[in-house]
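**Student:** Chains as they are written, first to last, in the working numbering: chain A, 67 to 784; chain B, 687 to 1056.
The hints are simulated quantities; they were obtained by calculation from the structure and are not laboratory data.
Just to be clear, a hint being listed does not mean it is correct.
The list that follows gives simulated cross-link-like pairs (lysine-lysine, BS3-like), each with its CA atoms no further than 30 Å apart [to be verified]:
#	chain 1	residue 1	chain 2	residue 2
1	B	Lys-869	A	Lys-483
2	B	Lys-767	B	Lys-791
3	B	Lys-736	B	Lys-824
4	B	Lys-726	A	Lys-480
5	B	Lys-893	A	Lys-480
6	B	Lys-749	B	Lys-703
7	B	Lys-726	B	Lys-736
8	A	Lys-483	B	Lys-952
9	B	Lys-824	A	Lys-86
10	A	Lys-86	B	Lys-749
11	B	Lys-991	B	Lys-1018
12	A	Lys-480	A	Lys-559
13	A	Lys-480	B	Lys-824
14	B	Lys-769	A	Lys-559
15	A	Lys-271	A	Lys-194
16	A	Lys-248	A	Lys-237
17	B	Lys-991	A	Lys-86
18	A	Lys-140	A	Lys-166
19	A	Lys-559	B	Lys-869
20	A	Lys-483	A	Lys-140
21	B	Lys-749	A	Lys-559
22	B	Lys-769	A	Lys-483
23	B	Lys-991	A	Lys-68
24	A	Lys-140	A	Lys-271
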Amino acid sequence: MKISPAWLREFVDIPADYRKLADDLTLAGISVESIEDEGARTVYDVDFTPNRVDAMNHYGVARDCAAIYDRDLKPIAPVIPSEREPQASSSRGTPTAQFKIDIQDPQGCARYTARVIRNVRIAPSPEKIAQRLELLGSRAINNVADASNYTLQEIGHPTHCFDLDLLAGGKIVVRRARPGEKLKTLDGVDHILHPDDLVIADAVKPVALAGVMGGFDSMITDRTRNVLIESAWFDPASIRRTARRHAMHTDASHRFERGADLGITPTACARVADLILETAGGQLDPYETDAYARKIERPTLTLRRRAVRRHLGQDIPDTEIARILRRLGFVVTVGRTSAAVPVQSAAPASKGGTHAAAAEEMADFTVQVPTWRLDVEREIDLIEEIARIYGYDRFPNTLPGFVGGVIELPDARKDAKLRASLLGLGYHEAVSLTFISHADAQRFSSATPVEIANPISEEASVMRTSMVPSMLNMLGYNLNRGNAGVRLFESGKIYESMGARTDEQRRLCIGSTGAAIPPSIHAPARQCSFFDLKGDIETLLGSFQFNALYYDANTPDHYRPGRSARAVMDGATVARFGQLHPQVAAERKLRLSAQDIPEIYLAEIDCERLYRHDLRQIRYQAIPRFPAVDRDFSFIFDRTIAFERIQNAIAALRVADLHALVPVEIFRGGAIPAGKYSMLLRATFQSSERTLRDDEVALWSQQIIKSLESLGGTLRSQ
Amino acid sequence: MYTVPRLDDYSPDALDKPVADLTSALEQESSAVTDEPSWKEFRDHWMARKNGILTQINDLWLKAAPSPRKREVGRRVNELKAKVEAAVEETRERISGAASQAKFKSDALDVTLPGIRRPLGAEHPIVRTMNDIVGVFKAMGYSVAEGPEIETDYYNFESLNFPPDHPARDMQDTIFLAGQAHKPARDRLLLRTHTSPVQIRTMEKQKPPVRVVIPGRVYRNDAPDATHSPMFHQVEGLAVDTNITFCDLKGSLDHAMKSLFGSSVKTRFRPSFFPFTEPSAEVLISCIFCGGGGYQGAARCPNCKASGWIELLGSGMVDPALYGFVGYDPEKYSGFAFGMGVDRIAAMLYGVTDLQLFFNGDVRFLEQFS
Ligand SMILES: [Zn+2]
């Protein structure tokens, strides 16, 4: 909202230039975001916090200035007709009956003040008013509408002017809309009203959406002769519901839904009348109608010096406390008065927490809250007022004492270990948005996705059920831009709908395409392969403690069969990885160009399952003092014999001094018959206690040969 | 080529000249040696047992000397022998050094060519910044906590003192989950708009003293552009105990900002509004780019828009109403809370002008952070 410092100075003597004033206001919680223009045309752009509806006008800001600079605030004094020249035209048949206001919904409308002015001359506003409105970014319309708008800028209370002659039945009814009722508002939009909408109606029909916008059919026009001024107080929640329901946000609704000033309706009404009489002429009916449907009591609060100190950490002199609150319009009495309510407990649920001492304690101040401060209801609210005007800068910086330990997140060390390994393996850490499309949710997971009611886009309509679509999007982003070598990992969550509940699970996803070893002038690149990825998976899983780990080819269908695997650790699948199915890559156009279609590798690690395992305990093993003996075996196997079976067969021999069994070379084709492969295996024997004898090694070698022959292997050479 | 003369006179004075001649011949021949074969020739000429010069002087000078002079001649011959041996050894060293130098020269690498690198992965700037922030608070005694990203209305709003239909909810454009209409308002699910629900969850679980720092992802219904993202990151903090005051809030955050951005950074607190804190404060730090002066040389500092200050955190004393929701005695306990947007801080620290760069996985962006 725009605020003119020149206007502020009409209400309070400000001992600061406009720059200093802007700073001082900002440090008191009225945030001046920018300053436009200079001299009399200087305007502040002010960002008001939603609790300070009382300050969203010039008089309200001036009140804060009065507190900041400890100056008097001039009263708002509309020149009401009895103080003007005597009504000259009493001869011209002025109606004498008081206009009737019928508040049928006291919950929605607590107070409705109205005045009637007759025989106005609708014309443009005088320069002074038009210019001021335009300076504040508000368009001048005509003298009557502008009077209402000017009053809004001046003292903040929203008012509305009706063309009295267009109100049927000579009365105003404040009620909820009836089913099927319609209203065209000032902006020309037709609304079908909801039975919860509070409306201003005449004897027959709604004429305004209460507290939001006036009706089109009763608005002030060039033909208007007689005017009804409305100055009312509407219930914040009701206005908010209606404004949201009709997607309207007006100056009026903004203020009413934050809590307007119940006490100011007659002043605002008189001020509008004052301005209309001044700018549009006419005669004011002698009656002010002030319908008061419901009293809203402002609380009397107890303010304890001890509480000020307990929250703020510093004593503030009594005179300073009283001065600040009085300047803001609070009525302050030192000591407890009989009218004072007991010390309020701020906590609705704190049962039995009442301190006997607190009840006995003498209240240091009794504070009556003014009608315009609906946000002040508790002692702590007063303490905030004191702190902001006293000045946050005046409180010293201190550090609280603390005894206790620092507790990390339960998986912090596991997370850090995996992250450090991945960074060391050359994967860049990525973060992606956690939304995916319905189609992707179905494609990559069988989980029921969590649906978003108001998604950013179709492509982001559910929470991800798999990390894969996010990763593929990132890989695609890179390929589309010609980034050929991509190695990424993302640590994040997937989300699943479980009936009324939702579940969030930790996952780690790796995506890679292009070179495993980047090309240099010294050596060519080597493209990423399944076994590069598997090696990285082995490294990551190897950080954990487990009894048994095996790999098999059981993977979901977004992986390429024969180039993908899962890792099963102590019976639970902890990782799935391998080449992305070329069909999926094609569907998502994962390619550098029509000709250049690189292989994409993916890995998904289930952190929830993996983290059930502890990090591997490191124990030093004595370095062997006796020499190792290697024996090589070249075998031909049927291609259905997986290496794992060879390993298991040899492990089953339980040769205690077999230190390692490594596959050294593998051949297919050439001299090797179709459907077979040849493998060179190297067994390393070593004892920690003695040098092994040739006959022992020979015996073990025979056992190995026999066990491999039992798998159908044929020994080629030894 | 030098040949050993026979001597007529064995007096000491007369010996001087032949000794000098021999020495100079030795030096001359030594310096003429350039490679292994010529060195061998040189060595043999002087040291060969058969007919080498040392053998010759032994025969021609020492053996031929008359008895009274033998002692003197022997001394001179021994000296020469040592000299020759040293010269032969020095010459060998000289020519072998030259040989390896020639080899080193011929197979020299161009050391200015790039090395073979095994590229390291880069930490994501947001994760890195978040870890830095969390680390500062851990060092100040804060434990780490987290909570779900899908929250109930109760934890995200109601228990944080945002009543239903309250305008303060407008400050946070919320992403709601579908299919919630049949539930009571407080049980309806949404994507948390801040990490603050974890304050409530933490207080529900433990009695004071509480000191937690809460990193996490949060969501707002903002279309993605250079300055907005529907998903971003926050670090939140909470300290509740007996006797925690507004001065402690100021001191703690001032200390944390100095730890994060350097000891010369100053903080400024100004009133603000959050439903769950009272009094509330916005925390600014003196601009880390222009030192708070607002200008870099003659140019307006773009980072602080020449104001010298950068808004960094929201904070405040925990509103006593929250204690009612978690069963703390508001007359006994007080505390403060704070929160900051990690993405914005990372963008500021690294000069990133488009938030979307953080989330699209572009390796040309990410690799800059390794
Ligand atoms: Zn700056």
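**Student:** Decide, hint by hint, whether the structure agrees.
**Tutor:** Evaluation of the provided hints:
For a cut-off of 30 Å, the pair hint linking Lys-869 (chain B) to Lys-483 (chain A) is broken: about 42 Å separates their Cα positions. Restraint check for Lys-767 (chain B) and Lys-791 (chain B): not satisfied, since their Cα atoms lie roughly 36 Å apart, outside the 30 Å limit. Only pairs whose Cα atoms come within 30 Å are accepted, and Lys-736 (chain B) paired with Lys-824 (chain B) is rejected, the gap being roughly 86 Å. Taking the CA atoms of Lys-726 (chain B) and Lys-480 (chain A), the gap is about 69 Å. The hint is violated against a cut of 30 Å.
At most 30 Å may separate the alpha-carbon atoms for a hinted pair to count; Lys-893 (chain B) and Lys-480 (chain A) meet this at roughly 28 Å. Distance restraint check for Lys-749 (chain B) and Lys-703 (chain B): the Cα-Cα separation of roughly 19 Å lies within the 30 Å cut-off, and the hinted pair is therefore satisfied. Restraint check for Lys-726 (chain B) and Lys-736 (chain B): the C-alpha separation of about 15 Å stays at or below 30 Å, so the hint holds. Straight-line distance between C-alpha atoms of Lys-483 (chain A) and Lys-952 (chain B) comes to about 36 Å, which puts the hinted pair past the 30 Å bound.
Restraint check for Lys-824 (chain B) and Lys-86 (chain A): not satisfied, since their Cα atoms lie roughly 39 Å apart, outside the 30 Å limit. For the suggested pair Lys-86 (chain A) and Lys-749 (chain B), the alpha carbons sit about 115 Å apart, so the restraint of at most 30 Å is broken. Of the supplied pair hints, the one linking Lys-991 (chain B) and Lys-1018 (chain B) is violated, its CA atoms being roughly 43 Å apart against a limit of 30 Å. Taking the CA atoms of Lys-480 (chain A) and Lys-559 (chain A), the gap is about 16 Å. The hint holds against a cut of 30 Å.
Taken as a hint, the Lys-480 (chain A) and Lys-824 (chain B) pair is honoured in the structure, with Cα atoms around 18 Å apart against an allowance of 30 Å. Pair hint Lys-769 (chain B) plus Lys-559 (chain A) does not hold up; C-alpha atoms about 84 Å apart against a cutoff of 30 Å. Taking the CA atoms of Lys-271 (chain A) and Lys-194 (chain A), the gap is about 37 Å. The hint is violated against a cut of 30 Å. For the hint linking Lys-248 (chain A) to Lys-237 (chain A), the alpha-carbon distance of about 19 Å falls within 30 Å, and the restraint holds.
Proximity of Lys-991 (chain B) to Lys-86 (chain A) is assessed by CA-CA distance (about 18 Å); at most 30 Å being required, the pair is judged to hold. At roughly 34 Å between alpha-carbon atoms, Lys-140 (chain A) and Lys-166 (chain A) are farther apart than 30 Å, so this suggested pair is violated. Taking the CA atoms of Lys-559 (chain A) and Lys-869 (chain B), the gap is about 25 Å. The hint holds against a cut of 30 Å. For the given pair, Lys-483 (chain A) sits about 68 Å from Lys-140 (chain A) by alpha-carbon distance, which is inconsistent with the 30 Å threshold.
Between Lys-749 (chain B) and Lys-559 (chain A) the CA atoms are separated by roughly 101 Å; this puts the pair beyond 30 Å, and the hint is violated. Our distance criterion of 30 Å between C-alpha atoms is broken by Lys-769 (chain B) and Lys-483 (chain A), whose separation comes to about 68 Å. For the proposed pair Lys-991 (chain B) and Lys-68 (chain A), the alpha carbon gap of about 20 Å is at most 30 Å, so the pair holds. A hinted pair counts as satisfied when its Cα atoms are at most 30 Å apart, and Lys-140 (chain A) with Lys-271 (chain A) does not qualify at roughly 42 Å.
Hints 1, 2, 3, 4, 8, 9, 10, 11, 14, 15, 18, 20, 21, 22, 24 from the earlier list are contradicted by this structure; the remaining hints agree with it.
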